[in-house]
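Residue numbers (the working numbering), protein chains in the order written: chain H, 20 to 411; chain W, 4 to 513.
One or more of the hints may lead you astray.
Cross-link-like lysine-lysine pairs, in silico, PhoX-like; alpha carbons within 20 Å at most [unchecked claim]: (1) W:LYS372 / H:LYS264; (2) W:LYS367 / H:LYS290; (3) H:LYS188 / H:LYS290; (4) W:LYS185 / W:LYS203; (5) W:LYS34 / W:LYS229; (6) W:LYS205 / W:LYS34; (7) H:LYS264 / W:LYS379; (8) W:LYS367 / H:LYS282; (9) W:LYS379 / W:LYS367; (10) W:LYS203 / W:LYS235; (11) W:LYS367 / H:LYS264.
I should point out that these hints are in silico values taken from the structure, not numbers from a laboratory.
Residues per chain, in single letters:
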Amino acid sequence: MSETATPSKKPNQTRSSLGQELMIPGLAVLTGLIIGAIVIVASGANVFDAYGALFTGSFGSPVKFIEGFQSFFSTGDTGDLIKAIYPFTESLVTATPYIFAGLSVALGFRAGLFNIGAEGQFFIGALCSAFVGYSVKGLPMIVHLPLALLAGALGGALWGMIPGYLKAKFGAHEVVNTIMMNWIAFRLSDWLLSGPMRSSGFRPVTPNVLATAELPRFFPAPLRFNLGFFLALLAAYLVYWFLFKTTTGFEVRSVGANPDAAKYAGMNIVKNLVLVMSMAGALAGLAGSAQVLGVDHWVGQGFSAGYGFDAIALALLGKSHPAGVVMAALLFGFLRSGATDMQSMAGIPIDIISIIQGLVIVFIAAPDIIRWLYRIRSIKTEETVLTRGWGK
Amino acid sequence: MTNVLELRGITKRFPGVVANENVDITLREGKILALLGENGAGKTTLMNILYGLYKPDEGHISVRGKQVEIHGPNDAIAQGIGMVHQHFMLVPVMTVTENVMLGIEPTKNGVFLDREKVAKRIREISDQYGLEVNPNAYIKDLPVGIQQRVEIIKVLYRQADILILDEPTAVLTPQEVEGLFKIIETLIKSGKSIIFITHKLKEVLAVADDITVLRLGRVVGSISPKEATSEKLASMMVGRDVNLVVDKQSAKPGEAVLVVENLFVRDELQHMTVQGVSFEVRKGEVLGVAGVQGNGQTELVYALTGLLPLEGGTIHLLGESIRHTTPRDILERGVAHIPEDRQRHGLILTFPIHDNMMLCTYYKNPFAKGITLQEKPIFSNAEELVRQYDVRTPNIFVNAGTLSGGNQQKVIVAREFSRPIELLIASQPTRGLDVGSIEYIHKQIIKKRDEGTGVLVVSSELDEILALSDRIAVMYKGQIMDILDANKATKEHLGLLMAGIHPSETQISK
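With the hints as extra help, turn the sequences into a complete structure.
As C-alpha cells, then:
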C-alpha cells in the first residue's frame with residue numbers, strides 16, 4: 020500500500036487482521052513440526068538429532084559459519100565460508116521454482132480458475148528454454164539469456180492459454196483440460212528427450228545449455244545460488260502489482276470473485292480467462308526455465324519432481340497472495356532442502372518432511388482446527404474462490 | 004391466558020456490535036406475535052438464539068413457564084419450537100416426503116425407509132391445516148408458495164406448537180400471501196402459537212395479535228394492532244417520522260430515450276420469455292413495469308443492459324440501435340442499472356466498498372491513469388458517495404458483504420447515480436429493504452426523473468409501482484398486456500392485467 024497522503028488511510032484494523040492472517044500459517048507450521056516430532060519419536064529416532072539436522076541442512080550450522088568467518092579473516096580463504104553458507108543458498112535455490120509455480124496457481128485462483136496444469140507448463144517451459152539455450156549459438160549473454168527465458172515463458176503461456184480458451188469459449192472445465200495438457204506435456208517431453216532433443220550421450224537428456232544462456236551464479240561451485248531467485252522475487256512483485264494496482268488486475272479479481280457482477284460492470288470475461296491462464300502458464304513455464312537455466316543446465320526425464328503439483332499447496336498456503344506464496348515457497352524450500360541432510364545425517368526418512376508439509380496444508384485448508392487448538396477467535400477475511408462448478 | 008414463550012433480558016454481543024440488548028419478548032398461547040424491525044435490528048439474531056444457533060451472553064428463555072436451556076436446533080425442537088427459515092432448507096431433487104423425513108427417517112425392518120408412513124402423516128397434516136401438497140412431488144417442480152408449505156409441514160411433522168416464521172412473505176406473490184394468511188389462521192385455531200418476523204407494516208396490521216418492535220437490537224415498544232397505524236409502526240422502526248407516500252410532481256416528459264419494438268429474448272435456459280414487447284421511455288418520466296415475478300421482466304432488463312442477446316426486435320437508445328453491442332457500450336451511452344439481484348450482479352461482496360463504488364468506471368479517469376489504478380481518487384470518491392448517500396458503514400475499507408441489505412443497495416444506487424446518465428433501469432429497487440431505505444431510494448429515483456432522466460422501474464410490488472410510476476406497463480407471459488396512465492390505474496385493474504385478464508374482456512363475457 021502506498022502510504023502517501025490519501026484522504027483516508029486504511030485503518031489499523033486491516034493491519035491487525037494481517038497479523039491474524041500470518042498467525043494461522045505460523046501456528047500451522049509449528050503444529051506440523053510438533054506432530055512431526057511425535058512421529059519421529061514414535062519411529063524410535065531422536066527428535067533433537069532430526070530437527071537439528073533439518074535446521075543445519077536448511078540454514079547451515081552456526082559453528083561452521085563462525086569457523087568460515089575465522090578462516091576468511093585470518094587467511095583470506097573463502098572456502099570454509101562458502102561451505103558454511105551452502106545449505107542456506109541451496110534452500111533458496113530449491114525455493115526458486117516453487118515461487119514461480121506457486122504464483123502461477125495463485126494467479127489462477129484469483130480469477131476463479133484452478134490451474135492444475137502448472138506441472139505440464141513447467142515441463143514445456145523447461146524444454147523451450149533448454150532448446151533455445153543449447154541450439155541458438157553465437158549470441159551474447161545479454162541477448163541469449165533473456166531469449167531463453169522468454170522461450171520458456173511463451174511455451175508455458177501457450178500450454179496455459181489452450182485450456183483458458185477452451186474454458187472461455189466452450190465452458191470446458193479447466194481442471195479437466197489442464198490435467199489433459201499435463202499428460203500431453205509429459206509424453207511430448209518423453210518423445211522429445213528420446214528423439215529430437217536428445218543429446219549424443221547415453222542417457223535420454225538434452226544437451227547442456229550454452230554458458231551464455233545460463234542464469235549467472237553468485238558464488239563459485241558447488242554453490243548453485245543464481246539470479247533465478249531474484250527473478251522469482253521480481254515476478255512475485257509484478258504479479259502483486261498486476262493484481263492490485265492495475266485495471267486489468269482489478270478485472271481479473273472481479274471475474275474471480277463474482278463473474279456475474281464482472282459481466283454486469285462491462286468486463287470481458289473471455290478475454291480475462293484467456294489472459295490469466297496464459298499468464299499463469301508463463302509463470303509455471305518460467306519455473307521450469309529457472310530450474311534449467313539456473314540449476315541443472317539440461318532437462319531429463321521426470322525432471323520436475325512435482326513442483327507444479329506442490330504449487331497448488333503453496334497457493335493455498337499463501338492465500339493466493341504473492342507475498343504469501345513467496346513465504347510458503349521459502350518454507351517448502353527450506354524443508355525440502357533440509358530434509359536431505361536429515362536423511363543422511365540423522366537417518367530420518369525424507370518422507371517425514373512430506374508428512375509435515377501435508378499436515379501444514381491440512382491446517383491451512385481447515386484453519387478452524389488451528390483456531391480450536393489455540394483458542395483463536397475467528398475473523399472473516401476475504402475468501403478466494405478456488406474453483407466454480409462444472410462448465411460455468 | 005398463559006405465556007407459552009418468554010425471552011427475558013436477552014443480550015448478545017458480537018465483536019464490535021451488540022446485536023441484542025436486554026430484549027424481552029412474550030408470546031401468548033394461541034396468538035400471533037409480530038416481530039417488527041428494520042434489517043439489522045436484531046430480529047434474526049434473536050430467533051437464532053431461540054433456535055439454539057447462538058448462545059446468549061445474558062438472559063434466559065422460558066417455555067410454558069419453565070426455564071430452559073437451548074443448545075441447538077434439536078433442543079428447540081424438543082421444546083416444540085419450529086422454525087421456517089426465510090431461505091428454504093429443502094433439497095430440490097428430493098420429494099416432499101423425503102424432505103419432510105430428512106433427519107428423522109423412520110424405517111421398515113430397521114433398514115428400508117418407510118416413505119409410506121411419512122406420506123400418510125403428511126396427508127393428515129395437510130388435511131388438518133389446509134396445507135395442500137402432493138407428498139410425492141419433487142421440490143424443484145413446486146412453486147415457491149408450495150415449497151413454503153412443505154417447510155411448515157416439516158415443522159408440524161416434528162410436532163412443534165411454537166412456530167417461528169422468518170420473513171415468510173418476502174418470496175410470495177400477493178395471492179400466495181393470502182394463502183399463507185389462511186394457513187396461519189388455521190394453525191392458530193388448532194392451538195399453535197406463532198412468531199411472525201417481518202418488516203412489512205401492512206402484514207403486521209393484518210395478522211398480528213401483539214406487535215413488538217425492535218430497533219438497533221433493543222425493544223422499542225410493544226403495541227396492539229388496534230392502537231397501531233402504519234405511520235406509527237414505521238416511525239417506531241426507524242426512530243423518526245417516515246413519509247410512506249412518495250412526494251412527486253406530475254412528470255414533464257420529453258423526447259423518447261429508449262424505444263423498444265417487438266422485442267424477443269430467450270432466458271438462460273433458452274425459453275423465449277420475452278415475446279414481442281414494445282414500449283418507450285421518455286425523458287423525465289417513470290415507466291413502471293408491473294407483473295408477477297417470472298413473466299419475462301428479468302430477461303427484458305437483461306436484454307436492455309446487454310446481459311442477454313436479443314432474439315428479435317429492436318432497441319433504440321437515444322436514437323441508436325443497441326442490437327449488437329456489449330454491456331460496457333450500453334453503460335457508456337449513459338444507462339444506469341440497479342440490478343434485480345444486488346448480490347449476484349450489483350456488488351462484489353468480498354471487495355471493499357471503495358472498489359464497489361467504481362465497479363463500472365474503474366478504467367476511466369480519475370480512477371485509472373493508463374493501466375494503473377489511482378487509490379487517492381478511488382478512496383475520495385467512495386468517501387464522498389458514502390457521505391452523500393448516507394451509507395451506514397464504519398469506513399470505506401470494509402467488504403460490501405458486511406453491510407446490511409439496505410446499505411448494500413445504497414452503495415449500488417450511489418455508484419449508478421454518480422455518473423452522467425440518460426436512462427435509469429431499476430429492477431426490484433427496494434426488494435427486501437426496510438421502510439427507511441425504501442423511502443430514501445424512492446426519493447432518489449424521483450429526483451433523477453425530475454432532472455430529466457428517463458426511468459424504467461421493474462417491480463413485483465404493486466405499491467411500489469403505483470408510488471413511482473407515471474405510466475404503468477403490465478407484463479404477463481412475456482407480453483405487455485397494457486400500458487396505463489398511473490393516475491387512471493387502480494389496483495384492481497392492474498391485478499387483473501397481472502393475472503392475464505383484460506378487464507374489458509370480462510365485461511364482455513358478463
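Hints versus structure:
no. : hint                : in the structure
1   : W:LYS372 / H:LYS264 : 11 Å, holds
2   : W:LYS367 / H:LYS290 : 19 Å, holds
3   : H:LYS188 / H:LYS290 : 10 Å, holds
4   : W:LYS185 / W:LYS203 : 18 Å, holds
5   : W:LYS34 / W:LYS229  : 15 Å, holds
6   : W:LYS205 / W:LYS34  : 18 Å, holds
7   : H:LYS264 / W:LYS379 : 12 Å, holds
8   : W:LYS367 / H:LYS282 : 17 Å, holds
9   : W:LYS379 / W:LYS367 : 14 Å, holds
10  : W:LYS203 / W:LYS235 : 13 Å, holds
11  : W:LYS367 / H:LYS264 : 14 Å, holds
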